[in-house]
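Visitor: Chains as they are written, first to last, in my numbering: chain A, 1 to 319; chain B, 1001 to 1840; chain C, 2001 to 2091.
There could be a bad hint or two in this list.
[Said to hold, decoys possible] The list that follows gives simulated cross-link-like pairs (lysine to aspartate or glutamate, DMTMM-like), each with its CA atoms no further than 25 Å apart:
no., chain 1, residue 1, chain 2, residue 2
1, B, K1546, B, E1082
2, B, K1704, C, D2058
3, B, K1546, B, D1013
4, B, K1704, C, E2026
5, B, K1803, B, D1553
6, B, K1037, B, D1013
7, B, K1546, B, E1562
8, A, K143, A, D182
9, A, K143, A, D124
10, B, K1546, C, E2026
11, B, K1364, B, E1549
12, B, K1546, B, E1299
13, B, K1546, A, E234
14, A, K143, A, E106
15, B, K1364, B, D1553
16, A, K301, B, D1483
17, A, K58, B, E1299
18, B, K1364, A, D20
19, B, K1169, A, D124
20, B, K1018, B, D1560
21, B, K1030, B, D1642
22, B, K1030, B, E1535
23, B, K1030, B, E1562
24, A, K319, A, E212
[To be verified] On the chain B side, residues computed to face chain C include the following (Cβ under 10 Å):
no., residue
25, G1006
26, F1007
27, E1299
28, L1308
29, G1319
30, A1322
31, G1336
32, A1340
33, A1344
34, F1494
35, L1498
36, G1696
37, Q1698
38, G1700
39, F1701
Note that these hints are calculated values from the structure, not bench results.
Ideal Cβ placement from N, Cα and C applies to all residues, glycine included.
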Amino acid sequence: MRVEAGLTSVLSGWPPPVLDAGGPFAQPVVLLTWALLIGGTIVLIVVLAALAVALWGKPSLRRRLGGDRAIWIGGVAFPGVVLTALLIWGLRLTGDLQATGPRADEMRVRITGEMWWWRVAYLDAAGRTVIRDANELHIPVGKSVLLELASADVIHSFWVPNLAGKMDMIPGRTNLLRIQADRPGTYGGQCAEYCGGPHALMGFAVVAHTPETFARWQAGRRAPPPPEAQRGAELFRTSGCAACHTIAGTEANGLAGPDLSHVGSRRTLGAGILPNNRGTLMGWIADSQTLKPGNRMPGYKQLAPEDLAALAAYMESLK
Amino acid sequence: MRSETGFDPALYDRFPTKGERPRHEEAQLKRIWCAPKGWEYLTVVNNNYVGIYYLATAFLFFLLAGLLALVMRVQLAAPLMEVLPQATYNQVFTMHGTVMMFLFAVPMVEAAGVLLLPQMLAARDLPFPRLSAYAFWAYAVGGLAFFASLFVGLAPDGGWFMYPPLTSKSYSPGINTDFWLLGIGFIEISAIAGAIEIIVGVLRTRAPGMSLDKMPIFAWAMLVFAVMIVIAFPSVILATLLLEIERAFNWPFFDATRGGDPLLWQHLFWFFGHPEVYIIFLPAAGMMSMIVPTIARTELVGYRLIVLAMVATGFISFGVWAHHMFATGLPPMTAGFFSAASMAVSVPAGIQVFSWIATFAIGKPRFNTPGLFAMGSVVIFVTGGLTGVMVALVPFDWQVHDTYFIVAHLHYVLIGGMVFPLFAAMYYWTPMVSRTALSERLGKWVFGLMFVGMNVAFMPMHLAGLMGMPRRIYTYLPGTGWDLPNLISTIGAFMLALGIALFLIDMGRRFRLAPGGGNAGNTYGAGTLEWLPTELYSTRSIPVVKSREPLWDDPGLSDDVEEGRYFLPNSATGRRETIVTSPLLAEPQYLQIMPGPSPWPFAAAILTAGFFLALTVQAYTFAWVSGALATIAVLRWLWDTDQPVDQGDVDIGAGIRVPTYVTGPASHGWWAMVILMIVMGMIFAMALFSLAFLWGNQPGFWTKPLPLTEGLAIAAGYVGVVFAAWATRRLHRRGNSWATIPVILAAVAALLLTWLDARAWLALLPPDTSGQSAAVNAILCLQAMVGAIAVLMAGYLGWRAVKNLVSQTRNNTLDLTCLFVGYAGAQGLVGTLFARAIGA
Amino acid sequence: MRTWLILLGGMLVWALHFFGLYAIAEIAPHRAAVAALTLVCLGADVWFLRIISRLRRDDPFAAWRRSVAGAGAGLSLLAVAWQALPALMAG
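One chain only, chain A, in its complex shape (with noise of 0.2 Å):
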């Protein structure tokens, strides 16, 4: 049933996201990465090669494996030498994928992960907020963006494996992350850490643009949204939805939940684990919990099948 309501997963394993980079802040983490898994299939193939010798060798053979020699060669020697070739390149990485402060002109965002959804601020120069939006981010190709990283509640963990490793959520901290995009697309993420309840289905998206289309979608966010679809503008009012949400440009100014200022927008809803469509938004309005199990969002099953559609007509028109 719930696979017809059409719970699609915004990040996609194959080609396998750790492997396949989309920008300088993973490609050289997949190069190690293959460095490692090669590695480790060569050095666990002669382990076994020396068991497969001590138990089935030639004596020769066995008894030069015999001895106090071979364990300083095989347990002391060869992994020093290995591994102090592998601490002095993880170090090196370490130190330039770590992120430091902003650098200038460069394009900051504020990521809060809450119970079970991120909600997202573009912040200018000066660290203020210009635009709100939730569970979805949009970047240019081509430049470094700097995350801002904190939590609203429990610890939660951001992870777009194409664009960088991931980076706790903690409260009372802010973690910085720097993530690039070299292609055009869209980088489906999730929580890694566990939060609870429906951790499972806590996805995100970030949605890289060419320069053209970043500033399109720039412009786009700017102007308040026209309220062309007034009857679920109206019962958005009446239904009690703006305790919750806030609407740019409207008197909703609820915080609990994600802002849907832009939310005709987004690639998804329920945070990366359905598409966005008339039908999706009207059964996720209509009964949020049986697709996002534990979420924080009531159901709104009393609501008329049209009033569902004029509710759904009104998120769509908000661009």
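With chain A's structure known, arrange chains B and C on it following the hints.
Guide: Frame of chain A, contents of chains B and C only:
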């Protein structure tokens, strides 16, 4: 050979003695160490029984947690399965991890120690049999009650590492979390009791002549294991205590909005949590190092290096805890050297693996079931070790941390490093305790299914992790592509389970417990002492050990031991007893009179469990009554343990005489008390660390502490307490009949000083104000608890003095009370000054 | 006690060095402090190795003790240098 204690090693040449021993001696031993009947199965304290109870219970938890894993694998076999609802799944994965780590792995290896060590060391029993019984019953009752919380939907659901703030009152208001905190905190106490037993047992009850270099490698492993428990577990005990206090009384240790820090929990938890992995691995590696030489029919290659590797593992494992926190934003220098230490810890593991390979190489390995499990273990463990090196690299860890790659890694390490050696051990040592060995034919099937099933189950998880699948998700959506690897994993999990089911069938058919002799015997032709013929009193006489594999080097040893031609062929005092030897060279020092069966450890365990369970369900009156009764039960059991016997010294064989009562640093009781003090000291040190950590991380919430100068008077008082405890021992030794009075007064004074200190702090900072106030008050609470125990001990001592039981010029009860009161004074002194110094 | 110090000496130096580095990294990360502490600990290991080399080995236990202690101090020497590497690189 120089002597350690003044014992003349030439006396060993008197053994084996000539001639027949009188017939009645053996009958007397059998009478004294008789088997229990009926209800006595509950009051039994002998390691042959307690060890088996312990092993069986731990294995039961393995099966239960394994069943949970199977249900989870069904739920994850395809996207959006609805076998387990979300809330249930979250409880199930939390319980799977918790039960496997705390109720299976640690108790299982501890149980193996209780069962095997006395036989390997040729001691009659472990030195504190009643403590073993208490530890077991506390664990069994507490563990089963904890597991039962799953059936009423109250099982914890915060993951096995229980990160706050998810587990704080705001986000987990139910008592599920309290079940974890109180249940696990309680079971840790039982683990520490077992560790004290094992340390003293290994160091002080070895067969004469078994110097450290001749100790079976399993005993070395258990020694390092137990010391690691003593250092690591206090950290998690403190952490659970703090979180429970935060939940119950709103003291904000981990609440970032009020000057606490959720990362403090992570530091405390992983300072325990990573050593925990090696705590589980080392005893299993010790078993491997016993089994591999026997299977290869040769002595172990690199004994010296393995000992060194085990000790090094013990040390380095305390320097790797932060590798669980690479993604929390550690400072670069810290991340760097935790990464280095995490790689370095693979070197000692490599040493052991190559030692086993070398041993196979020089021997004539047999491919029987224990042998196959040992070889399979090497393959799996090396695979897990290699992925371990990978995740020690910070950039790679940033990608795979908290994904199924880690799930794969940790199961390879734990199954290869612990479960497979354990199965090898169960096949290997079954003939020692059962009338028949297990089936070889079925055993090969068990091995095959488990080995293939394990790899089919966990190898695809590496890929699932690289495909982006996070841990601890109750379901996943279509379109991720995770379906296929998950389906394969589920199939593998059922193969693994089938192997274990076959093992159970084999156990049911062939395992027949034979604690009082009549076991299958040395089927595999091993060389160590546990394969001597045994009864409930272990071996008839206690041999002089001259090599690491005495049974190989002296083919007549079994007969000589059985005929009573070595130490202690009888009961010298007519009671249960064993020889206490010196820690390095194992020279006989004295004869320990051992306590026999008693209902009190059992009662104390039930009542302690009652105390903790009642606290969990908030039945406070019942809790306090139960706690008070538990204390009385413990004191009652202790009452008849410190009993000097009439004979001052006795003949323990071949005319060698040793005393029957020893006090001071040479006594086993002193050793246990010192270890207990280290445990208390570690708990306290972790509390001090918490205060310093909060100061470093939340300086904005700091209030200027009380002035140091005002604390000096209280500090001077604590110095007086230490002095009074020291003086009491001296006065008593000079024969002063009123000598117990200073230490009793000192204990009361220590508690009063804490009250004075607490009053001053409470006026400045009520405990729920900030992280600082919570931590300072936690330090004061710990001090009050130590003071209360000191007063209780002093009262017990006073009561014994009134009953004229503190009559000797040297007395163990008095010694131990003085030690503890002195400790209470010293801890108070440090705490008073430290709380005032931080942030001053 | 003396025997335990001999057997564990190398490891104790390692532990001292490790927790010293942890304190430096948490309180005041300085490359010079790391280098100084490392030199002191390496020196301690070398000094300890000299002591071990003079220990008696006239009975099996003493010889065993000496060889374990020597191997331990040698490993400690390597481990201390290894442990300092990242701190020096990151400082």
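Visitor: Each of the hints needs a verdict: does it hold here or not?
Guide: We went through each hint and held it up to the structure:
| no. | hint | verdict |
| --- | --- | --- |
| 1 | K1546(B) - E1082(B) | violated, 63 Å |
| 2 | K1704(B) - D2058(C) | violated, 61 Å |
| 3 | K1546(B) - D1013(B) | holds, 11 Å |
| 4 | K1704(B) - E2026(C) | holds, 22 Å |
| 5 | K1803(B) - D1553(B) | violated, 53 Å |
| 6 | K1037(B) - D1013(B) | violated, 41 Å |
| 7 | K1546(B) - E1562(B) | holds, 18 Å |
| 8 | K143(A) - D182(A) | holds, 8 Å |
| 9 | K143(A) - D124(A) | holds, 16 Å |
| 10 | K1546(B) - E2026(C) | violated, 50 Å |
| 11 | K1364(B) - E1549(B) | holds, 17 Å |
| 12 | K1546(B) - E1299(B) | holds, 15 Å |
| 13 | K1546(B) - E234(A) | violated, 93 Å |
| 14 | K143(A) - E106(A) | holds, 8 Å |
| 15 | K1364(B) - D1553(B) | holds, 18 Å |
| 16 | K301(A) - D1483(B) | violated, 32 Å |
| 17 | K58(A) - E1299(B) | holds, 20 Å |
| 18 | K1364(B) - D20(A) | violated, 48 Å |
| 19 | K1169(B) - D124(A) | violated, 37 Å |
| 20 | K1018(B) - D1560(B) | holds, 9 Å |
| 21 | K1030(B) - D1642(B) | holds, 24 Å |
| 22 | K1030(B) - E1535(B) | holds, 8 Å |
| 23 | K1030(B) - E1562(B) | holds, 13 Å |
| 24 | K319(A) - E212(A) | holds, 18 Å |
| 25 | G1006 | violated, 16 Å |
| 26 | F1007 | violated, 14 Å |
| 27 | E1299 | violated, 14 Å |
| 28 | L1308 | holds, 5 Å |
| 29 | G1319 | holds, 5 Å |
| 30 | A1322 | holds, 9 Å |
| 31 | G1336 | holds, 3 Å |
| 32 | A1340 | holds, 5 Å |
| 33 | A1344 | holds, 6 Å |
| 34 | F1494 | violated, 43 Å |
| 35 | L1498 | violated, 43 Å |
| 36 | G1696 | holds, 7 Å |
| 37 | Q1698 | violated, 14 Å |
| 38 | G1700 | violated, 18 Å |
| 39 | F1701 | violated, 18 Å |
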